[in-house]
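As they're listed, the protein sequences go chains E and X. Per UniProt numbering, the very first residue in the first sequence carries number 1; after that it's consecutive. Per UniProt numbering, the very first residue in the second sequence carries number 1; after that it's consecutive.
Rather than coming from a laboratory, the hints here were simulated on the basis of the structure. Careful, some of the hints might be misleading.
What the hints assert, rightly or not - Each computed SDA-like pair below joins lysine to any residue, with the alpha-carbon atoms no more than 20 Å apart:
#1 X/K133 x E/V281
#2 E/K119 x X/K133
#3 E/K343 x X/M62
#4 E/K234 x X/R126
#5 X/K20 x X/L191
#6 E/K343 x X/A65
#7 E/K288 x X/I164
#8 X/K135 x E/L232
#9 E/K75 x X/V101
#10 X/K135 x E/L225
#11 X/K55 x X/V146
#12 X/K55 x X/L191
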Amino acid sequence: MPDCAELYFNVDHGYLEGLVRGCKASLLTQQDYLNLVQCENLEDLKIHLQTTDYGNFLADQTGPLTVSIIDTKMKKKLCREFEYFRNHSLEPLSTFFTYMTCSYMIDNVILLMNGALQKKPVKDILVKCHPLGSFMEMEAVNIAETASDLFNAILVETPLAPFFQDCMSENTLDELNIELLRNKLYKSYLEAFYTFCKNHGDVTAEIMCPILEFEADRRAFIITLNSFGTELTKDDRESLYPTCGKLYPEGLRLLAQVEDFEQMKRVADHYEVYKPLLDAVGDNNGGKTLEDVFFEHEVKMNVLAFNRQFHYGVFYAYIKLREQEMRNIVWIAECISQRHRTKINSYIPIL
Amino acid sequence: MSGKDRIEIFPSRMAQTIMKARLKGAQTGRNLLKKKSDALTLRFRQILKKIIETKMLMGEVMREAAFSLAEAKFTAGDFSTTVIQNVNKAQVKIRAKKDNVAGVTLPVFEHYHEGTDSYELTGLARGGEQLAKLKRNYAKAVELLVELASLQTSFVTLDEAIKITNRRVNAIEHVIIPRIERTLAYIITELDEREREEFYRLKKIQEKKKILKEKSEKDLEQRRAAGEVTEPANLLAEEKDEDLLFE
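Bound-form chain E, shown alone (with noise of 0.2 Å):
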């Protein structure tokens, strides 16, 4: 009985959708932000961390405090979170989950292709890795000679395989540009779980498919924008964008024939829900990026999202906002260390 969420929901899902949102309230809050934003150099940010969520994530370190190590540390603090959470889970929360790993292993699978067409040790990519996207065929990466082998031996196993043969073919693996290729398989990620979601029906699809109809608006703009005086031609714009958001289809079609930013705003002007972001973009110096509106709406969506139960999506949001905070107390930490202060303003608030 697909409506009747409240009735079922709990039985499998509702101790990790109680522990989410525990872990939901132990985000930064603004007050957290401003404290953290006059701290004079980094070992006063690590005391300032010390006072919320984040505890003695910094204690055992020894050496001096640089900001790559704050990074490193906070991501495997989430990945810890993730793990626990992926390990209690049901079907088929499990396999929201694995859905929202494939971002992350799209980038390591990429990076991985890279070093082994190049020749390069593993072990060094390994640890380049991001630990969200890790998968159990990885290590075996270095046995593979070519593209081909390394898609026919190793990726068939893991989850990314039906992205691949949405692609191209597999002769075709090793020409392809490895930008194009990562975007591609981007594209097919998000439609196969756009539709996972569409097909989960309920609560869930209402929160996600909104989300994800975002993300995918979000990259046809971004790649736009970015291509304008690259090489990048109209087709293979075309074909690297994601078909599961508002735009499609006249929107698309629409923007692959853009030339400029002004036109860009012109195509959006049709979309009441884009008009306001892309006119919300300042001008070069000084006003805010494409990308710093989006991020900005992005982190909107998710906060809306906890204000439902029963649905998948809390564990996305709550995932994507840690993400965000981690890049904010990053870019924190970088104004401090190279005490350039003038935009120490410019992080993303969340709550």
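Given chain E, work out where chain X should sit, using these hints.
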């Protein structure tokens, strides 16, 4: 540096002319070298000023570039491994040219671009704008670095050259020229002394000759007075010539 040092040479007029010529040569050489040293020092000061300016600018540019790296990381995530893995050939290369200042060759580095940007599509989906800004900032930093490298190598080379030239100028001024002058003085004194000796010898001989002459005159007088001396016939005073047959 012994003060009594001079060139060992036999003192003669010829030696004196030779030494005079050498002195003149040394003085001309010293003037030329001083001019060279002045030109080098002038260029040195100019380069120093430029180095200070460039280094200050460098500090600003690097700070800006490091900050834009932080901005790019904020938006695009961690792209460092992607960048490192896609490295193949250098896009910015350097040519070394030579510049000549008062005979000293200075290397000058000039950068040029080759090839297309292989990182055009990095950050296509996130952070492309920030990455473009980052690339621009670091490109500016690299250009400044090349210029700074040129300036610093010139600085070091010029420094060496100036030291050597100054050493030579000082050597000529304080060692060579005084030595030649001392030699000249020595020659002149020797020549003068020889002249005096000659003079004295001549005088002595003359005296001796005079005494000898007086003695022989006296002798002659005595003998004439004693009638032993017959004067030889004076051809011009004779009135009758025996050899003439007909008169």
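Checked hints:
no.: 1; hint: X/K133 x E/V281; verdict: 17 Å, holds
no.: 2; hint: E/K119 x X/K133; verdict: 31 Å, violated
no.: 3; hint: E/K343 x X/M62; verdict: 17 Å, holds
no.: 4; hint: E/K234 x X/R126; verdict: 19 Å, holds
no.: 5; hint: X/K20 x X/L191; verdict: 15 Å, holds
no.: 6; hint: E/K343 x X/A65; verdict: 14 Å, holds
no.: 7; hint: E/K288 x X/I164; verdict: 59 Å, violated
no.: 8; hint: X/K135 x E/L232; verdict: 19 Å, holds
no.: 9; hint: E/K75 x X/V101; verdict: 58 Å, violated
no.: 10; hint: X/K135 x E/L225; verdict: 17 Å, holds
no.: 11; hint: X/K55 x X/V146; verdict: 12 Å, holds
no.: 12; hint: X/K55 x X/L191; verdict: 65 Å, violated
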